[in-house]
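Undergrad: Next come the chains, spelled out residue by residue.
There are 2 protein chains.
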Amino acid sequence: MPSADHIRAVFARYVDAVSRGDVEAVVALYAPDARVEDPVGSSPHVGAAAIRAFYAGSAGTVSLELEGHVRVAGREGAAAMIARTRGATPMIVETLDAMAFDDDGRITSMRAYWGPDGIRPAD
Amino acid sequence: MPSADHIRAVFARYVDAVSRGDVEAVVALYAPDARVEDPVGSSPHVGAAAIRAFYAGSAGTVSLELEGHVRVAGREGAAAMIARTRGATPMIVETLDAMAFDDDGRITSMRAYWGPDGIRPAD
Chain R
-19 MPSADHIRAV FARYVDAVSR GDVEAVVALY APDARVEDPV GSSPHVGAAA
31 IRAFYAGSAG TVSLELEGHV RVAGREGAAA MIARTRGATP MIVETLDAMA
81 FDDDGRITSM RAYWGPDGIR PAD
Chain S
-19 MPSADHIRAV FARYVDAVSR GDVEAVVALY APDARVEDPV GSSPHVGAAA
31 IRAFYAGSAG TVSLELEGHV RVAGREGAAA MIARTRGATP MIVETLDAMA
81 FDDDGRITSM RAYWGPDGIR PAD
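Protein chains in written order, with this note's numbering: chain R, -19 to 103; chain S, -19 to 103.
If you are wondering where the hints come from, they were derived from the structure by calculation, not from laboratory data. In this text the structure is predicted, and so the values were computed from the model without any measurement. Certain hints may be false.
[Said to hold, decoys possible] Ranges of calculated distance between the beta carbons of each label pair, as one might list FRET restraints:
| id | chain 1 | residue 1 | chain 2 | residue 2 | range |
| --- | --- | --- | --- | --- | --- |
| 1 | S | 40 | R | -14 | 31 to 37 Å |
| 2 | R | -15 | S | 71 | 17 to 23 Å |
| 3 | S | 69 | R | 68 | 29 to 35 Å |
| 4 | S | 71 | R | 68 | 45 to 51 Å |
| 5 | S | 33 | R | -4 | 39 to 45 Å |
| 6 | R | 27 | S | 62 | 36 to 42 Å |
| 7 | R | 66 | S | 69 | 46 to 52 Å |
| 8 | R | 96 | S | -4 | 22 to 28 Å |
| 9 | S | 71 | R | 28 | 39 to 45 Å |
| 10 | R | 26 | S | 21 | 20 to 26 Å |
| 11 | S | 69 | R | 41 | 46 to 52 Å |
| 12 | S | 49 | R | 85 | 27 to 33 Å |
| 13 | S | 68 | R | 86 | 21 to 27 Å |
C-beta: ideal position from N, C-alpha, C; glycine also.
Given these sequences and hints, build the entire structure.
TA: Put into structure tokens, the structure is as follows:
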């Protein structure tokens, strides 16, 4: 089972890679058959090709930071995050990502909790 | 579908009811066939009787507060929380609850993300 330290490190690498728009670094954190549901309730992206296409679609448009500590329970982790969009009208999106991991420490599932009423203009 | 406001209100009622040790108020927030996995990775408590027994076992021993805003995505919500245990050696447990809701606005699933390395002595 992946350690709590490993799971926390993956969350840190994830927010860094997303913020840098480094799609390959993001995809490398996922297992080949992983599932991304972003936002929760939407149709999931399954497998490396679909996940790559999903992140490529928003690469460079958002910076992401953790809000508070990552919570780790067994082979899963979750953390509140703040996303800031770049562009003419910067917005803040309050999100929260829940991830599950395989024995090799790769993400098998990511579910992002965010919605319209968690979005506001950036200061 | 339950509104975002409703989901946020249930989170507020949940932390209040748990903190007061009001088991029946907690159970009333759940659908009759709901599933509670606390912590994530443990054997779930399914159905009102099992859920009542689970909360009765810890009633009055912990106070719970939200850390940051509840995130809402469709019919699901998630929020980081701080639990403080009562007793001779008070502890702080960093947790995070993810909940799903039915059309009547009752909780159908609750998963609590917390683990050993998220526990520390209270100040």
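Undergrad: Now tell me if each hint is right for this structure.
TA: Evaluation of the provided hints:
no., hint, result
1, 40(S) <-> -14(R): 31 to 37 Å, "36 Å, holds"
2, -15(R) <-> 71(S): 17 to 23 Å, "21 Å, holds"
3, 69(S) <-> 68(R): 29 to 35 Å, "54 Å, violated"
4, 71(S) <-> 68(R): 45 to 51 Å, "48 Å, holds"
5, 33(S) <-> -4(R): 39 to 45 Å, "43 Å, holds"
6, 27(R) <-> 62(S): 36 to 42 Å, "37 Å, holds"
7, 66(R) <-> 69(S): 46 to 52 Å, "47 Å, holds"
8, 96(R) <-> -4(S): 22 to 28 Å, "26 Å, holds"
9, 71(S) <-> 28(R): 39 to 45 Å, "41 Å, holds"
10, 26(R) <-> 21(S): 20 to 26 Å, "23 Å, holds"
11, 69(S) <-> 41(R): 46 to 52 Å, "48 Å, holds"
12, 49(S) <-> 85(R): 27 to 33 Å, "30 Å, holds"
13, 68(S) <-> 86(R): 21 to 27 Å, "42 Å, violated"
Going through the hint list in order, the structure does not satisfy hints 3, 13.
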